[in-house]
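Trainee: Two chains, two frames, some hints: make the complex.
Protein chains in written order, with the working numbering: chain A, 3 to 506; chain B, 2 to 247.
Heads up, a few of these hints could be off.
[Unchecked claim] To give an idea of the chain B side of the interface with chain A (calculated C-beta under 10 Å), a few residues:
no.: 1; residue: Asn18
no.: 2; residue: Gln20
no.: 3; residue: Asp45
no.: 4; residue: His103
no.: 5; residue: Ala150
Quick caveat, the hints were computed from the structure, so don't treat them as lab data. All residues carry an ideal CB built from backbone N, CA and C; glycine is no exception.
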Amino acid sequence: MSLGSVPLKYRIQIDRQQCMQCMRCVDNCSYGVFREEDDGNILIDSRKCTACHRCISMCPRDAINLSERPVDYRSHPLWTPEAREDVINQSRSGRIVLAGMGNAKDYPIIYDRLVLDACQVTNPSIDPLREPMELRTYLGQKPSKLDIRKQENGDIELNTKLSPNLELQTPIMIGHMSYGAISLNAQLSLAKAAAKTGTYMGTGEGGLHKDIYPYQDNMIVQVASGRFGVDINYLERGAAIEIKIGQGAKPGIGGHLPGEKVCTDVSCTRMIPAGSDAISPAPHHDIYSIEDLAQLVRGLKEATEWKKPVFVKIAAVHNVAAVAAGIARSSADAVVIDGFRGGTGASPKVFRDNVGIPIEAAIASVDQKLNDQGIRNKVSVIASGGIRNSADIAKSIALGADAVYIGTAALISMGCRVCGNCYRGLCPWGIATQREDLVSRLDPEVESEHVANLINSWTLELSELMGAAGINSIESLRGNRSRLRGYMLDEGTLDVLQVKPVGA
Amino acid sequence: MEPVHIDARALHYTPLNQQIRKAVSEGATEIIVDNVLGQRFIADGLKGEVTIRINGVPGGDLGMFMSGPTCIVKGNCDHAPGNTMDNGKIVIHGSAGDAVAHSMRGGKVFVRDDIGYRGGIHMKEYGTGHKPILVIGDNACSFLGEYMAGGVIIVLSKSGNTFGGRGVGSGIHGGEIILRGELKERQLGVGAKITEFTEKDLEKISPYIEEFCAYFEIDPEKYLDTRYTKIVASSSRPFAGKYVWE
Ligand code: SF4
Ligand code: SF4
Chain A
3 MSLGSVPLKY RIQIDRQQCM QCMRCVDNCS YGVFREEDDG NILIDSRKCT ACHRCISMCP
63 RDAINLSERP VDYRSHPLWT PEAREDVINQ SRSGRIVLAG MGNAKDYPII YDRLVLDACQ
123 VTNPSIDPLR EPMELRTYLG QKPSKLDIRK QENGDIELNT KLSPNLELQT PIMIGHMSYG
183 AISLNAQLSL AKAAAKTGTY MGTGEGGLHK DIYPYQDNMI VQVASGRFGV DINYLERGAA
243 IEIKIGQGAK PGIGGHLPGE KVCTDVSCTR MIPAGSDAIS PAPHHDIYSI EDLAQLVRGL
303 KEATEWKKPV FVKIAAVHNV AAVAAGIARS SADAVVIDGF RGGTGASPKV FRDNVGIPIE
363 AAIASVDQKL NDQGIRNKVS VIASGGIRNS ADIAKSIALG ADAVYIGTAA LISMGCRVCG
423 NCYRGLCPWG IATQREDLVS RLDPEVESEH VANLINSWTL ELSELMGAAG INSIESLRGN
483 RSRLRGYMLD EGTLDVLQVK PVGA
Chain B
2 MEPVHIDARA LHYTPLNQQI RKAVSEGATE IIVDNVLGQR FIADGLKGEV TIRINGVPGG
62 DLGMFMSGPT CIVKGNCDHA PGNTMDNGKI VIHGSAGDAV AHSMRGGKVF VRDDIGYRGG
122 IHMKEYGTGH KPILVIGDNA CSFLGEYMAG GVIIVLSKSG NTFGGRGVGS GIHGGEIILR
182 GELKERQLGV GAKITEFTEK DLEKISPYIE EFCAYFEIDP EKYLDTRYTK IVASSSRPFA
242 GKYVWE
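Just chain B, with the same shape it has in the complex (with noise of 0.2 Å):
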């Protein structure tokens, strides 16, 4: 089939989603959607397996809820791309704002350049096949993967400028987050502790880089080593200790 056009020029969110959504009850496989300027919500709680391709900048929450489809950006991305996602791939070329993949629990999310605070909040991983990938190109702000309770967060910080952000992983409980270069104890969260990265994890991330690589027709071989600080929960039980009863 071919790929179905839509354009998005002054077009509210929702007939643009119904638009989507017809088309893919149709059988696209490929949807591309051009002119998009600030639509939230795009492809939100959509499942399939299609393909779409959307030129411009979306708006907030893109892919929420979204479960099995791929969104390629060829623009930046508002707030929370991939929020409570299911399942499915959304592909950034260019930077994201704050809470990317909150939530997230399963599917994948790259993002070429930089995004805002919070990255990866929330995350979890559960059963089989429930895994969430957040990979980002360049940098992250503070607060990443607070809350984390599951799946991988990697930041390559491509342009050479290591990790600068705060609070990382406060209140992590599972999940690993993975930085290129060094962390300084002062930049980690309550409940969050550095530990080696070692050839073991580079073999279990080095899928995720070749996958961002190819995306952003980037060498991956620069990105092959150990040269990570790898952030991970202190205790699965973080708040135990807390509490007395009454």
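Same shape as in the complex, but just chain A (with noise of 0.2 Å):
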């Protein structure tokens, strides 16, 4: 017998008496929710909908209405209409499900537990509007001591080799999302975003197109298992080099780009065959322990003379804090950790509803690890993963981060609007997919503007958090965690975090 279909996830309604037929809706969903009748009637399949909200925000009439789930079931508390639903799609297909986005499970958020501190009458709180704030950030190892002489001309000598360090004006910096997954007009928004606000984005897996090249001192060049466009110009062009390990919305499992998205430009920008499955799988096959996690760090160091930095990106797991110590003994510059709510165009949805832990836990773990080990200046520690507001970029930093790296805000702040379907192929708003006529959606001079106020706004915020909690400087909230008071936290996380209830 049939399993029949499940009901539909959204309801599409047009207001007759609103609707004027301009038929923008027809023209803007590329689900192919809408059809024009022959009588200029449009029908309506919401089956389709993803809830992208592309007609909507085009509708000139308002008149379109999407509400969610509009079919009940027996209310359940252990099998709800998601589980029933996906047990319906995996007895039909017997196949892993596809997802998009991050982690989309009810778990507690641990920022919102999390209280930042004021100053009142013993010290003072500063006024940013008067007193200059520092939030530029340096990225990159940090000498244990410096050795300083004086000349008999009485100069300042400095003797101790410094590392190369990123130099960012704000300490949020745009994530990883390749060429492929995302199409170039996102990237070269991203791009330019990232060279208007003085900070760096990452080319994901995918390599570096050469209309990226104008932008390539503000690029994070990647090397992940399957090295897509890695060569030595490839290289040579970051500002820095990262290793991707690991991933917060699929830990453990590697990256995927269908054949069907390998066009000829992804293909050369990529170096691979067009048209083919773009496979990285999770291990690198020439790291099978720290050890060989150093020699790759050296050989990418060594191929680029030293120059560079060199970040290695681990997902948020179980024992991450061990993980990151092995990491910053071994050459690397800074260690991105990836919480579990980070977002991907396409991820297994058990492993990015179920495998991961929250990035607030991590990064406070990852901080203390280092510390106790008195080897936290031999790294920087970035923080990733569902980051949505400059609070949570304020308190990544008191947990421990030296800067974050943000990537569904910025895509959000271009117009996605979190629909989850990007290993579609079809955004509507042009971002996750290589679809001519919808990548032309995308104006890069206009969405680059909105990723820069972005990010100004969330550092300008900053500096009003930093202010109000007394501090000019970021590096004096940097794993400044008596900064943090938890609300409604157990005991277990708060000695994780070792950050105090409210009211201690």
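Mentor: Encoded structure:
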């Protein structure tokens, strides 16, 4: 017997009185929800809707309405509609369920149970309007001590050899989203925004397209297991190099760009055959231990004559602190920790929603471990995965991060509605697609401005938050957990975070 | 210009590479490096037309990210010579370790004797002129050509022992693995399949065999027949049927 179909997820309705039949919805919905009939009427197939909101935002008469899950099941605390529908989907297909964007489960958000400090009578707050606030951030190894000598003429000479560091005007960077996963226009918008705001963005594992070359000084080039797009020119162009070991949305598994997204341009940029699946499995096949990782870190440094910082990105998982301590000893300059809320174009749903740990706990435990072992200066710590606002950033830094990567937030500032259908290649906002008509919807000039505005406004808020806490330098906020209190957090979590409860 | 001589005795790999780079920038076309004993990353990221003769045993990742030069090794090699190499040539008068030619996407690697596990893993070709070639004189271990997406791997089994490894071409989605002699189905990895090796194939690989034989003074005639097994991808989209939408 057939399993039949599951109910619609969303219902689209048009207020026919408002509608002027301009057909913009028909043109804008890349999923084919709307169809123009011969009589000029608009037919709706709500089953195809992904809640991307493109039609709604483009409708000049606000005539379109979207409601979520219009059909009720018999309510059940364990067998939620989603659990039942996944079973039906898999019973029918026998396949792995693919999902986009970040972890969609209702785990408590630790950020929202941490509160920041502000000065009152005993020590004064700082007014960022009047006082200079130092948000400049340097990523890379710092010496454990400086050897300074005074020359005879009175000049000071620095004898310590400094490691190359990245200089950021704000501790906010844009995370790695590859060409292939996102469109060139999307990548270009992000790259322009990074240049405008004096920060950096990651190439992802998709290589560096020649249109991005003008922004190469703001790019961190990524080396993943499949070595897509990696040659010596690519390594030399990047401001820094990042080895991707893991990613928060799918810890322990690799990347996989379906062949239909590998057009000629993507093929040349990734240096892979056109039309074939781009497979980068989880393990790097020359890395089987921390020693092997050190070998790759040094291999990359040797190739670029020790002029560039090398980052290592891992997913936040159990024992992440011990892994990070190993990375700190591998000659890497920064460790990127990607929490389980990290977004992606495509991940098996079971991984996205169940594997990994929250970034807040991971950062705190990594910072603590590196401090305990006396090697915190050997490596910078970058937090990523589900950072939604400047408060999350301030809290991440207070928990021990040097800087953060934002991903989904940057996409939202370009139009993304977190519909989670990126893997289908039909993104109506021109972001997660290679279809030319959709890509051309995104104007890099306009969108780079939006992304830059977001980074600038969060940077402003960060300085206000710091000023309120009587802090005028980001360095003084870093790892300063006394500026946090936990509200409604259990003792175990507070212990890992090394944060006191409210009132203490 | 006279060949430039470098003595690598007790030299760390960074100063050794610095000397090589300096010689190349000064126009050297031939560099002879003596007393190499385990130095890693020789010619790492090096560009140019130079030939580097290495006397001794280089450590891991010889010619990593290299783009252009030729490295001729008189001795064995550690793991991953030619790792992510873009262009150039590596000729090894001996054996090499695991992951030889990892992710190589241009250029050629010739190993006179044996290689370890995962040879040719992730080798890829794209566009025109980016086609990596790996020729192994004797034998390779298991997982040869895993995730291969282009290029050619040839195993000549010159001592007469046919290839005994397993997992050949797991996840392969492009390129060809050509083994002298027979291969059993059970030695194949997921996504790999055996197809007929034809005269046309022989025509295509003959230049590589001849080049290999010329380096090691071997008579190529013995290898210019069709007694090979050819392994290719069963699909360029091996995992297309693994997923369903949310
Ligand atoms: S998929 Fe997007 S554009 Fe299409 S109907 Fe749904 S919300 Fe509107
Ligand atoms: S990038 Fe596009 S497809 Fe992906 S979640 Fe955002 S709007 Fe949806």
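Trainee: Give a verdict on every hint.
Mentor: Verification of the hints:
1. Asn18: OK, holds: B:Asn18 within 10 Å of chain A, min 6 Å.
2. Gln20: violated (13 Å)
3. Asp45: Result: holds, 4 Å to nearest chain A Cβ.
4. His103: holds (6 Å)
5. Ala150: holds (6 Å)
Going through the hint list in order, the structure does not satisfy hint 2, though it satisfies all others.
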